[in-house]
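Asks: Protein chains in written order, with my numbering: chain R, 1 to 422; chain E, 1001 to 1422.
Hint data in this document are derived by calculation from the structure and do not stem from the laboratory.
Beta carbons are placed, not taken as given, at the ideal position from N, Cα and C, and that holds for glycine.
Accuracy of the hints is not assured; some may be wrong.
[Said to hold, decoys possible] Listed next, the in silico SDA-like pairs over lysine to any residue satisfying Cα-Cα at most 25 Å (straight line):
(1) E:K1210 - E:D1293
(2) R:K306 - E:K1306
(3) E:K1210 - E:E1413
(4) E:K1306 - R:A249
(5) E:K1210 - E:L1323
(6) R:K113 - R:T341
(7) E:K1210 - E:A1248
(8) E:K1306 - R:T341
(9) R:K210 - E:M1233
(10) R:K306 - E:R1314
(11) R:K210 - R:R314
(12) E:K1113 - E:L1323
(13) R:K210 - E:R1232
(14) R:K210 - R:L147
(15) R:K210 - E:A1255
(16) E:K1210 - R:M233
(17) R:K306 - E:E1413
(18) E:K1306 - R:K210
(19) R:K306 - E:G1328
(20) E:K1210 - R:E234
(21) R:K113 - R:S2
(22) E:K1210 - R:P334
(23) E:K1306 - R:R314
(24) E:K1306 - R:S2
(25) R:K210 - E:E1234
(26) R:K306 - E:R1251
(27) E:K1210 - E:G1328
[As the list claims (entries may be wrong)] Reference listing, derived: stretches of chain R covered by chain E, where coverage requires no fewer than 3 residues with Cβ under 8 Å from a Cβ of chain E:
(28) 233-240
(29) 284-298
(30) 369-383
What follows is each chain in one-letter form.
2 protein chains.
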Amino acid sequence: MSTTNEQFLDDFRTMSTFGATEGGGVDRQAGTAADHETRQWFGGWLARHGFNETVDQAGNQFGTVELVPGAPYVLVGSHLDSQPLAGRYDGAYGVLAAAHAAARVADDVAAGKVEPRYNLAVVNWFNEEGSRFTPSMMGSSVFTGKLALDTALATTDAAGETVSAALRNGHRQAEGSAPALTDVANYAEIHIEQGRILQEQGIQIGIVDKTWAASKYRVTVNGAQSHTGATRMEDRQDALYGAALLIAAARDLTAEFGQGLLHTSVSEMQVLPNSPVTIARQVLMNLDLRSPDEDVLARARDILAKWIGDVQERSRTDVQLELTHQWGLVAYQPEGVALGTASAEQLGFSHMNIMTVAGHDSTNMKDAVPTVMLFVPSEEGISHNEAEFTRGEDAVRGAELLTEVVRRLVRGELEAAAINND
Amino acid sequence: MSTTNEQFLDDFRTMSTFGATEGGGVDRQAGTAADHETRQWFGGWLARHGFNETVDQAGNQFGTVELVPGAPYVLVGSHLDSQPLAGRYDGAYGVLAAAHAAARVADDVAAGKVEPRYNLAVVNWFNEEGSRFTPSMMGSSVFTGKLALDTALATTDAAGETVSAALRNGHRQAEGSAPALTDVANYAEIHIEQGRILQEQGIQIGIVDKTWAASKYRVTVNGAQSHTGATRMEDRQDALYGAALLIAAARDLTAEFGQGLLHTSVSEMQVLPNSPVTIARQVLMNLDLRSPDEDVLARARDILAKWIGDVQERSRTDVQLELTHQWGLVAYQPEGVALGTASAEQLGFSHMNIMTVAGHDSTNMKDAVPTVMLFVPSEEGISHNEAEFTRGEDAVRGAELLTEVVRRLVRGELEAAAINND
C-alpha cells in the first residue's frame, strides 16, 4: 500500500504523541510503558499496510513483506526508543521513513514497476539509546552477534529490573519467525544529522561514508569516607573531588587538538555513599572520547593517562579506567555510498558525504552487510533535547530518498555495482 | 541500677552488632530496619534498668527516671542512627554512655548519695546524620522548635518514602508522654572527637566551648541536554562540567586561607538525566563551608561568588546557590564548660577546651538550655568510616566523666554556678 508525504507527516505527528513531554519532545526509554505504546502503535501500522509483524528474542520488532519467496531481505529501519526528555526525531523518524519507503516499494513491486531480487523487512531496533539499559545499540548488537542474547536480557536498570522482565511486561514478547542476520542481504537507515554541518552548508542530504572513532570507558575513582566537616583538608581522600578533576581534565584535553578533532564527555555518575555529611568513598562514571582521526584518539588517551597521575596526586585517590566499548574510523561500503549518491542525484537533492559522530544501529549493521546510511539536516544540530527539530520538507525529502534507495536495493543494484567494481 | 565499666563495654559490643558491616563498622541509616533493631534493643535496655520508655512524634526515643516528682529533667543523650558504612562510635557511643551515666546517678540517688534537684532522662535523637532524610539533626531540630514537625514527617528519602512512613513501619511510633523542651532544665552529651587534636596533644578529654561556623548550600547547575558524541565542544552547556569546575573551585578556596581555617566539601550529587550518551541538563549538589572564624567564612563566600562567574562562563551554565542551613561560631555556656572542667579535674583526667567542627544534637540543644558537651579521642580522627575507632579505656573514661557531669547537673550545680557568676 503506497503512502503520500502528507500521510507520512500525519503518522509522524501521531507517533510523537506517545511519551510526549510538556517541552515538545518525547520520553520513551527502552522497555518503558511509553516505548511499549509506541511499539504497539507501530505494530498496528505494519499490519494495516500489509506487513507481517514479528519480534525476536532481543526485542527487535520487524515487519516483513514477501516479494520473492525464500530470498534474503533488504532490511531498513532505526529505533523508536529515546533518551529521557529527548527530541521527537532521533530514531523514530528513521523507523517511520523506513516503513513508508518499504510500503511504497512493495506497492511498486505489486504494480509491476520494480522487478525484485530480495524481500523487504522494516525494523525497530530495541534499546538503541542505552540510557536505561547499557550498552546502547543493544538490539542491533545482539542481532549482529556482537553481544550475547543472555547478557542483553540479564542487563538491569538502576532499579534492578532486567531487560527480560521489561520485554515480558511490555505488549510484545518474541513472537513469529523473525528475520536473522543470515537472512539479510543489505541494510539501509536514515537519521537526523544531530550536528549542524548540513544546515551550515545549505545541503539537503548527507551520505554517511565513515563513523568517527570512539572509545568509551568506565571510570572508577576510589577514595575514603570521612566527615565533611571535621576531616582536615590534607587528610581527605575525596573521590568526588578526584572525579571533578578528571571531568575538567577531559574537557581540557580537547584544547590540545584542533577544533572539531576531539569530543570528550562525562555524563553519567554514581556517588557513594552520596550523603550530605560524608565525603565520597567512590565515584563511578563514564568517559566518552570521539575523533574523526584515530591518531588523535590514541594521542588523547596518552595525554590523559599522564594527567590522571596528577589527578590522583592532588585528590589522594586512585583512578581506574576500563575500556568498555570502542569502534574505529570504519568506512561504510563505497558501493553503498555510491548507491545513495546516485539516488540523491536522480531526485535532484543536493548532497555531500558526511561522517557520523554518533553511533547508530547502522554502525553495527555495516560490519555485517553492505549498508547505506543517510542524514537529513538537524536544526542547529540540537539533539538529545526536547528542542530537537527537523523541518517537514527535510523529513519528507529524506523519506523520498530512502524510498529510492530501498527500490534500488530490492532490485539488487548494490550487488551489481559491487561486481562492476571488482 | 548501677553499672560497671565492663558492662558498659559489653553493652557497646552487643549494640554494635545491629547493622554491623563486614568492614567492622555499622550501617543503620535513620528509620531503616537496622536503626529500628538498635532502637528496640535500646528500649529493652532502658526497661531492664528501670527507665520508662517514651517516643515523641519526631521519633526521638526517651528513657526517664522520676527522682523529684514534677521537676524538670536533666537530659543526656546522642543518636543511634549512622551514615552508610559508618563507624560504631559516632552517636551510639554517646547514647550508651548517657544511659549508663543516668543509671549510675539514679542508683546514687536511690542510695542517698546524691540529693536530686531534677529528674533524669536519656535520649536517642532521631536522624542526626541526615544521609537518608535531609536535614541532619532532624529530631533535635523538631524538639527545639527549629524545624516544624510536619516538615520533618513529610521529608522523603531518594526512594520517595517519608519519615512518617519509616517511623510507622518501625517498631516504635509515638507512645507515652515524652518529655518536651519546656520540661528540660539542661542537657549533656558526649561524643567522639572526629578529629585528631586530642590524640596529637595526648589529652584524654575535650570540653567543647564553641562550634565552628558552618554554611550549607544547595547548588543547582543548569545546562542543556545534548548528544555526548555529536555536539560540538563549543556548543555544549554541560551541567556536569559546570559542577566539576565548582567542586574544584570549592577545594581551591581552602588554599586562600591559612591551614585549618576553612573546610569545604561537596559530597552529594544528582545528575539529570544521568545517561551515558546525553550531556547533563542539570546537576543538584550540596556545598558545605566551615570555619572556626566567621570572617573567614564571609570572605570565602565572597571569593566563591566571584569564581562562580568564571565557572558559569567556562561551562556556559547557570549556577545558583541557595543557603539551606547555617550556624555561627556559637559558644557553649561558660558555666557548662566550667562544670565539665571541674568534673574532669575531680576525676584526674587531662583535659582541654576544644571546638567542634561537626554539628551535633547539642548544637541545637545549647541554643535552648545550658549544655555540657564532651569529647573523647578518635584514633587518627577517622570518622564516617568503618575504621572509626576509640580505645576502650578512652570510652570508659568518657562514660565516667559523663556520670560525674550528670551527677552535678542533677544536683543543680550548673544553676548554682550561673548564679554565682551573675
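Asks: Could you work out which earlier hints the structure fails to respect and list their numbers in ascending sequence?
Replies: Violated hints: 2, 7, 8, 11, 12, 15, 17, 18, 19, 22 and 24; rest satisfied.
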